[in-house]
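Asks: Residue strings, one per chain:
There are 2 protein chains.
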Amino acid sequence: MRIERVAIIGLGLLGSSIALALRERAPGIATSGFDANPKVRARAEELELVSEMCESPATAVADADLVVLCVPVGVMRDAALAIADALPEGAIVSDVGSSKQSVAKALAEALPGRHVIPAHPVAGTEESGPEAGFATLFVGRWCILTPPGDCDEEALEALSNFWAGLGAKVEIMDAAHHDLVLAVTSHIPHLIAFTIVGTASDLEEVTRSEVIKYSAGGFRDFTRIAASDPVMWRDVFLNNREAVLEMLGRFTEDLTALQRAIRSGDGETLHDLFARTRAIRRQVIEEGQDQSTPDFGRSH
Amino acid sequence: MRIERVAIIGLGLLGSSIALALRERAPGIATSGFDANPKVRARAEELELVSEMCESPATAVADADLVVLCVPVGVMRDAALAIADALPEGAIVSDVGSSKQSVAKALAEALPGRHVIPAHPVAGTEESGPEAGFATLFVGRWCILTPPGDCDEEALEALSNFWAGLGAKVEIMDAAHHDLVLAVTSHIPHLIAFTIVGTASDLEEVTRSEVIKYSAGGFRDFTRIAASDPVMWRDVFLNNREAVLEMLGRFTEDLTALQRAIRSGDGETLHDLFARTRAIRRQVIEEGQDQSTPDFGRSH
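Those protein sequence lines, which keep their order, are chains F and X. Residue numbers 3 to 302, in our numbering, belong to the letters of the first sequence in order. Residue numbers 3 to 302, in our numbering, belong to the letters of the second sequence in order.
Hints may contain errors.
Claimed, not checked - Here's a subset of chain F near chain X, in silico, CB distances under 7 Å, partners left out:
1) Met3
2) Val199
3) Arg280
Hints were generated in silico from the structure; no laboratory data involved. Idealized CB from N, CA, C, for every residue including glycine.
With the sequences and hints as input, model every part of the structure.
Replies: Okay, structure coming up:
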């Protein structure tokens with residue numbers, strides 16, 4: 003099974019990055035694209051993101067070997083229904099959504115009997131839209147595939163090769179486990195960042211101007227994540243509800259324990275934790291998941 | 003009042019950065035230094051951080067116009083007592099600690115009748131030690147001075163000029179207000195980061211290896227802050243207890259509200275918050291407190 007024509011549905015940060023990565027790394031693959039927003043379609047056409055910009059999802063997928071749905075997880079079902087009738091026999095349908103059980107269910111129901119293989123490239127920035135994409139977004143990042151139990155082996159291999167071709171490292175995982183892992187490595191960090199930025203901007207005793215002036219004390223790091231796409235993240239929390247609530251419970255327990263340590267002046271508990279977390283940073287860098295330059299290499 | 007000789011007590015990230023900034027931007031100012039750790043003293047000497055490395059804090063401050071205590075806030079009192087007898091008449095004593103009410107009290111009690119002006123440059127990285135410093139750390143960052151009510155105006159002006167000379171923007175603030183502002187812009191963000199990194203590394207269902215592999219989903223940002231100096235941060239939480247607990251209460255309330263929104267499927271509440279927080283990021287960048295390049299300018 004060879005992938006020679008890829009349809010990208012949704013041309014935001016992820017969709018446009020796939021398009022640019024294909025153009026740079028696999029120029030032999032033809033690309034078609036669609037976005038539900040006419041402004042995004044027009045901008046994507048100006049940027050020449052895909053070989054063929056289409057006015058409907060059905061047109062975009064008509065000759066595709068692989069369709070990648072790059073839309074918020076809350077509209078995956080609608081996006082799948084919109085291509086169902088036009089989808090060629092044997093084409094693979096995948097996605098880039100951050101929750102996988104809900105997407106697997108939505109796609110399987112909308113596209114019965116098709117080669118559905120949900121996927122999640124763990125990569126992104128805080129920017130959105132067709133101008134935010136860049137060809138190297140997936141290089142050295144993990145892409146997690148969550149194939150159903152009856153998945154066609156050739157289709158799985160073809161999709162794995164596709165992501166490897168974009169520079170990603172590919173991992174196969176059970177969808178439920180994916181949702182638990184990403185709840186802790188991505189969803190809870192985002193929820194916390196959104197929360198503290200909201201808390202800080204609502205205070206009466208401290209002005210918003212002060213919060214921004216002194217944000218270099220740590221707060222500014224959180225503002226980056228909290229600038230991520232609102233619709234995408236709303237959908238992630240609503241579609242990975244159970245895992246998020248489970249992990250949030252653990253976080254809150256641990257935070258309450260630290261609160262008690264602070265209140266009671268228990269410096270040992272604080273120091274023990276802070277010394278442990280330092281080691282995690284070193285491992286993240288050793289595993290190539292972040293740069294080693296201090297302060298994210300910010301210019302000073 | 004002219005500052006011609008500066009004593010730096012404690013040669014970690016902040017102390018060594020002050021030394022390097024002085025060497026680069028004010029080479030006419032003589033510097034002396036001391037660190038309680040003999041290894042740090044030896045390394046600082048190799049790096050030629052100060053004009054004169056001393057074997058005791060008393061020797062270091064003997065001829066100083068300004069003494070800057072760059073030690074964890076929990077040992078400010080001891081550091082002040084150690085210089086009390088040797089401190090020249092009229093010298094200014096300041097610091098770089100992240101909590102100001104506790105430091106103001108400790109220094110005032112240890113050095114009665116002296117020119118004590120607590121200060122806090124809101125700048126740093128996750129690194130520690132004499133090798134972590136760099137000359138441009140304070141450029142464009144705010145340095146908050148919290149002078150006591152009876153502060154000598156000339157001394158205050160001299161200290162303001164000192165920090166401006168290192169590239170910082172100077173602000174005068176009441177110590178209690180400082181502690182509230184920094185609780186939200188720095189202390190709570192650190193506490194949350196330490197907590198989530200601890201939570202993630204203690205899970206049974208998700209391995210530590212998985213947490214690290216998929217950390218690019220957001221978690222890796224938190225590991226940077228959670229790699230900050232354990233002793234420094236233990237002392238901050240113990241010494242700014244009330245403001246930290248107050249702000250932590252606000253954060254927890256807001257997090258609980260979002261938890262309820264997720265549980266009840268209230269997408270509107272989530273979206274409303276996420277759309278608001280995006281604007282804060284823009285303001286942080288507009289105010290020059292972070293770079294505008296996506297993903298902190300990480301190379302992709």
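Asks: Each hint: holds or not?
Replies: A quick look at each hint next to the structure:
The criterion of a C-beta within 7 Å of any C-beta in chain X is not met by Met3 (chain F), whose closest approach is roughly 28 Å, and the hint is violated. Look at Val199 (chain F): its Cβ gets to within about 4 Å of chain X, closer than 7 Å, so that hint holds up. Interface hint status for Arg280 (chain F): upheld, as the beta-carbon distance to the closest one in chain X is roughly 5 Å, under 7 Å.
Checked against the numbered hints above, the structure violates only hint 1.
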